[in-house]
Structures are given as C-alpha cells and as structure tokens.
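Asks: Residues per chain are reported as follows:
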Amino acid sequence: MADAREMIVKRVAKFFRPGDLGNLGIGMPTLVANYIPADKGVMLQSENGFIGIGPTPKAGEEDKDTVNAGGMPVTIMPGGACFDSATSFALIRGGHVNITVLGALEVDEKGNLANWIVPGKLVPGMGGAMDLVVGAQQVIIAMEHTTKEGAPKILRKCTLPLTAVNCVDWIVTELGVMEVTESGIVLRELAPGVTVEKIQSKTEATLIIPEQIGAM
Amino acid sequence: MADAREMIVKRVAKFFRPGDLGNLGIGMPTLVANYIPADKGVMLQSENGFIGIGPTPKAGEEDKDTVNAGGMPVTIMPGGACFDSATSFALIRGGHVNITVLGALEVDEKGNLANWIVPGKLVPGMGGAMDLVVGAQQVIIAMEHTTKEGAPKILRKCTLPLTAVNCVDWIVTELGVMEVTESGIVLRELAPGVTVEKIQSKTEATLIIPEQIGAM
Amino acid sequence: MSKIKTLDEVAELFADNQVIMFGGFLAAGTPESLVDLLVKKGVRNLTIIGNDTSYVDRGIGRLVAGRQVKKAIVSHVGTNKETGRLMTSGEMEVELVPQGTLAERIRAGGAGLGGFLTPTGVGTIVEEGKQKLTVNGVEYLLELPLKADVAIVKAWKADKAGNLVYRRAARNFNPLIAMAAKLVIVEAEEIVEIGQLDPDEVMTPGTLVDIIVKA
Amino acid sequence: MSKIKTLDEVAELFADNQVIMFGGFLAAGTPESLVDLLVKKGVRNLTIIGNDTSYVDRGIGRLVAGRQVKKAIVSHVGTNKETGRLMTSGEMEVELVPQGTLAERIRAGGAGLGGFLTPTGVGTIVEEGKQKLTVNGVEYLLELPLKADVAIVKAWKADKAGNLVYRRAARNFNPLIAMAAKLVIVEAEEIVEIGQLDPDEVMTPGTLVDIIVKA
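Chains as they are written, first to last, in my numbering: chain A, 1 to 216; chain B, 1 to 216; chain C, 1 to 215; chain D, 1 to 215.
Where hints are given, some of them may not hold.
To be verified - Listed below are the simulated DSSO-like cross-link pairs for lysine-lysine, each with C-alpha atoms no more than 30 angstroms apart in a straight line: (1) A:Lys14 x D:Lys3; (2) C:Lys5 x B:Lys40; (3) D:Lys132 x A:Lys40; (4) C:Lys160 x B:Lys58; (5) D:Lys182 x D:Lys3; (6) B:Lys14 x C:Lys5; (7) C:Lys5 x A:Lys121; (8) A:Lys64 x C:Lys157; (9) A:Lys40 x D:Lys160.
Claimed, not checked - Non-contacting residues of chain C with respect to chain D, defined by C-beta distances greater than 10 angstroms in every case (computed): (10) Lys40; (11) Val43; (12) Gly66; (13) Thr88; (14) Ser89; (15) Glu104; (16) Leu117; (17) Glu127; (18) Asn136; (19) Asp149; (20) Val165; (21) Arg167; (22) Arg171; (23) Leu183; (24) Glu201.
Derived by calculation from the structure, the hints in this document are not laboratory data.
Computed from a prediction, not measured in an experiment: that's the story for all the values here.
The beta-carbon is built from N, C-alpha and C at its ideal position, and this holds for glycine as well.
One chain only, chain A, in its complex shape (with noise of 0.2 angstroms):
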C-alpha cells in the first residue's frame, strides 16, 4: 500500500507546471510535496494563512506560529507571503490557486465529490475543502482506487453528501489516472500491469475509454 501511495503521488506531481500556486490535502495529498523538485518555481499555500510551505524544522527548531493546516510544524520558504483567513479564501475562492489534490470518500461521473462527511460515523466538518474544489483552477484527487474493503469509489452517483458538484477534473489512483470530462470519465493512463479490464472491474462509473492510453 505504501508502494500504491508513493505511485499516485508521484504522478500527481507531474500535474504541476513552473509558477503555479498549488494546495494540499491533509493526509496523502501532502506528501505530494517531496515530489515537486524545489527549482520548479511551485509554491505551495497553507489555507490557515500563507503561501510557501517548506520543509518540516529540525527537531528543536520548531515555531509554534509556523504550523501547516494540519498543526504541524513547518517551515516559510523564502519568496513567502503570510496572510488572514479572509484572504486566504478569497485567494482559494477567486481562483487564484491553480491546482489542488484532495482525498475523496467517493467521485462520481458527474465530477461531484465527497470527502467530508459519513453522516452518523465521521462528522469532522468541511473544513476549507468545499471552498477549495469549488475555487481552485483544477482539482485533482488523489487516493487509492476502492476502499479498504474492495468497493469501488468511483461510482455512477455519490452516496454521501456532497463536498461539491461536478468540481472534479483529474482522478489520481494506483491503477491509473483518469479525467472528469462532461461526457463521463476518460481513461488517460494505467498503471504498469493494470488492464483496461481491471480497472473497470474496480471501478462503478462506466469508464471511457480513448485510442490512446499512456502509461502511468
């Protein structure tokens, strides 16, 4: 599973271009970070109030007032900017962030998504989410490609409530990647090994399924 993890965020990487303003997820999305090479000109946005997230502090070198999203401790990164939460939404809602890689419960053939709710099981709120796939230029999701128990999580229509419709552009798994279009999801690359056969197999929404296929 490890090896699944550092596939899907490698290939996520690929996604950003020199001078783009991309924001993580907390969770597997953040990893996404050791991927993109420190000289790409990427700046990465922590939505509690700056832009420029580096590496984690060594140990002892800790600033209580530097935290990422998630409350851990991180470092500003030179050419950084910190800011209000106001504006730190009117960057994510004006589209001013170019990408953005969350997790997701489930992603459906519409591009709705939802990842913040099971109701009666898991309420810990939207937290930034909704404003990020409804603000940023595109959202990719990045996760494994069904649920712990096998059950697929690319379905024809979400189940839980949503995070936002149709908001989803690119879908990020470790049996390929795929893109939310208006006419359904596009099958744009596989990984090594995996089959068209399997993938749709593992997969609830009615994959389409172009000439060319790459190669994750």
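Given chain A, work out where chains B, C and D should sit, using these hints.
Replies: Just chains B, C and D, lined up with the frame of chain A:
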C-alpha cells in the same frame, strides 16, 4: 463669514470624546481638527487609507505617499495605522467610526441628506460620502445655515438627489445646534444674539423648540 | 485611560450566554491566557465562533471539554473528540460552516455588509435553509454576517494604543474577529510604546481594540 | 522565468478595448510609468476602474484628457474637469460608485464572490436598476463584482517573486486590483531579491503578480 465658520467648527469639535475615531469631510469639516485638543485621545481617519491624521508637514518635508483624501500633504501621528481601501470602508460601513463631519447642500426633517450632486451643474461623484453617512455612529452636518443667496438649506424635504436617507444626527450652523430626532429637528443651542424667531425664519423645516435651549 | 488591564480586571467582563469569537487555527494564534480565564471563571452557555474546536486540552477546545459551550460555529471539529461526542449526544449544537464562508461571514459582520453571495456549498447540505440567487447564470448561496459580544484576539505585538501585529500562521482569524465584536480583548506577547510600530506594519488599527493583556 | 520586464516588453500587452483597473487615490499610488506607456502607445476605448479620474495632467487622468477612455467606473471625478466635460457631452460614459462599494466590488471580483449586500446607496439614485434584498428587516442593495483584463499596480517594494509592499496612503486600491485582473503588472519603486521581504510584511503575495517593472 470666516467668523461663522470658526464658530461652527469650534462647536463641532466639542462632540468628540476621548477614544473616538473621527472622519472629517473635505472643506470646512477638515478645519474641525484644529479645535480638537491633541491630548484628547481622538484619532482621525483619512478614508484613502490610514488612521492618525497629523498636522500639515513643513514646506519641503512633504511625503508624496502621505496625503489626505483631498490629496493634500499631511503627516501620520505616532500610533497611526495604514490599510487598503476595502479595509478603510469596512471600518466606515461597519460602524467603527464614531463621528463623521460633512457639509451639506440640503438636510431635511427626516434626517435625509443631499450633499453630492446638483444634476446638470455639479457632478463630482459621491466619493466616500454615502458610505460615511450610512456607517458612522454619528453624522454631524457642519454648514452655513443658508445658501449664499439666503435660501434655507434645512428643508421639510430635500429636493436634490440624496446621499442617504434618515442618516443625519446633528446639524451645526452659525445660528445654532440642532438635533435630528424621530419627531423632527429639535433646536438644542442658539448662537449668541440669535433668537428662536430668527433661526426659524431661515429654516424651512419647523424646528421643535424644547423648554431649555442652551447657548452655543 | 489605559487599555492595558490585568487578567483579574478582564475576568469581570466575561459572563454566561455571551457570543465569543476567538482567534486561532487549531491551537496556533489562540489567546491561551484568556481561555484560561474563561475556564477558571466557569462561564457557561457560551456561543463560540472561530475556525475549529482545537484539541481537548488546548486552545478553545478546553471550553468544549469543560461543557461551557452551548453552540459552536466552526468549520472543523475533527481534532477534538469531545466536540463530536457532545454534538452526537445533543448536548452541544454545532453549526459547520465552510472555512472560507466562515471567514467571510465574520468579515461581513465587521464590515457592515448584509451578506454575500458565494458559490461554495451550492448543491450540498450547506445550502439547506439558505436563499439562493442566480447572478449572470451562476447560482450562489446568500450567506449572512456574524457578529459577537466579545472577541478574544491573540497578537504578537501590541502598542499601547492597541495597534496589533500578528506573526506567521497565528494571524488567521484574529484580524477578522477584531472588527466584528462589541468588545475586543487582546492578549499580546509583547506590549510596546506608541510610535514603536510603523503604521504600515500594523495589521489591526488600535481604535478597534478595547483591552490589552500581557500573555 | 523572470517576472521583471522592460517598459518596451510591457507595451506589447496593452490593447484597445481593454478593461484596466488602476491603483491610486487622486495621484497617490498610481503607476505613472505605466500610464506614460498607455499614453504613448495611444490605446483607445479603454474601460478604466479605480477610485477617481485624478487630475488632467497626472495619474490616470491623463488617459481621460487624451480621449483614450470609453468608460470610467469610479467614485469621484471632481478633480478632473475633462471627465466632467466628456461625461456631459456624452463622449465618455461614467459610472459613479460609492467608494466603499467600489472597493468591495473589486474585492468581490478577486475573491470569487457573486456579490454582496450593502446598506450604502439605499434610497438614493445609486439603487436604480439594482436588486434590493431585505435581511433581518434591513434593506440592502445587491452589488456585483468587478473584474478586469489588466491591473496596473504601484508598489513601494517588490521582490523578484512579485511579493509587494505598499507605503502609507499609496496602498489604497492597489492590493484589491492585484486580485481582480487576469494580468497583473506592477510598477515598483524598488526591486529586491527573494528573501529580503519578511513574509509578514508582504501585502500582496507574489503568486498574484505577472510582471514587474522598475518605476
């Protein structure tokens, strides 16, 4: 006339209490600052972007970036603070300005104010006036009691396009001090040598005359 | 009249049933001495408004754990298991608001706006009970302003006039709540003389601040 | 790829019919070299959005005097007699907007909001053609966001990543327009290396800025 203006602005200055944030309009209202004692703890806002308007700088010591809302060089007092225009008007609209002092073309007995346009003749734009009179906790009109031609400016009903409805709290002229209440305009103070009959004769609205009238 | 007060003087100002806005994101930027005071005084039936309910033993989370909160208006409660428990048992009301909407609602409260239109939450359960407006073909939710009786603010530096400077990610909701409450109480790490802060570095003008205590 | 360009390179980016937001309040905080460029290039039929039309011979007012402007969305035109003349003769359209509403409309454009409710202008000619909403018994106007093709921004300091610091009353509309335009061009008095600005003193994050020229 210089004496009239001096009497008006001196009286207006007495409305300010320690800790107040004030905003003075361009023209006669600006002169009010000269009569607020420096040690009174009153701060003045310049709506182009700071709190803490200080005295005019000496010739040669002007700073191109430190100007008031009329574009004139000023200074910023110790304890002042700068901000952008959205924040400046968040302060104004949000009720964080205690007193605003403005001139008027017309005021009426409902507290309606007209002070920004004479259609076809004078169309300078409302600038910050509409926000100021809606947002400030107290709106004080400082003006000469009549037009240069002697026509009343305190009317039963404004004839010019309004700046805002029901916004004026006090009117200070060279003849007296009037409070705008739900019942109408109450005469609170008379200038030296001015009688009730005289001020009423120069006022279209019917003044409410209380038992006690103070000396201005 | 000095704005600098002792914690004992400030304790007098807190009361049951108050609506309190607090600065902080998880525990960064929350005035811990003022929370100590609220815990110690034991005021109850509070409505708290801020980003999250932090942790059981840190920041505003301590008020939740101590059952002092009647209602929380926040964007996230996942780090405080007591919030989840009290919410599920019905002992505490929780209004979950998207973080950007929450920040903007507080800003609107402080800025005298009657509300704003946001695309966030359209098509989700967040839209329940809210007016929807379509502008230029796009659907928006009308979200309403939030205001409070008291704001408890954490600053890095304050001058004696109340001008505030925040540091790094500890800024978060602090400048917003300082505009939106009747009474603004600041806990500052450092208090400096008037004139020691450059007007351009001030993040909250002193006229908004009523009281300053030393952290 | 460096954000620092020459005025010649920037000249290529201006074109007839553009919607241009400009920083400045009267003439303080307007990028005069960029206005020079617009005058020199002679682009026409512009829509300009900013606080005021300044003076005939200073700031954005020079574009008005040169008949380069089709429409101005501003709060004040009283200091530029050409604006009044062209407005009266019908040669230029002027939309007068209360200053706080103008600032908030630009902010809304940059912040992805669909509009906001303000009490300013209720009961005046400003409300003509606008939707009115009553919230909690109070009447508000629904005001809509403003966006632009280009923002011309004046900064005091810029680092090479585009992070900006403004000075005193020259800040005004500059940080707002830097959020609300597709292309953000900054004229800076001083350009410093990355790392020379403290993250807490930055007033506009560099990711918003496309191009920097030296004043």
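Asks: Quick check: which numbered hints come out false for this structure?
Replies: Violated: hints 3, 7, 15, 16, 18, 20, 21, 22 and 24.
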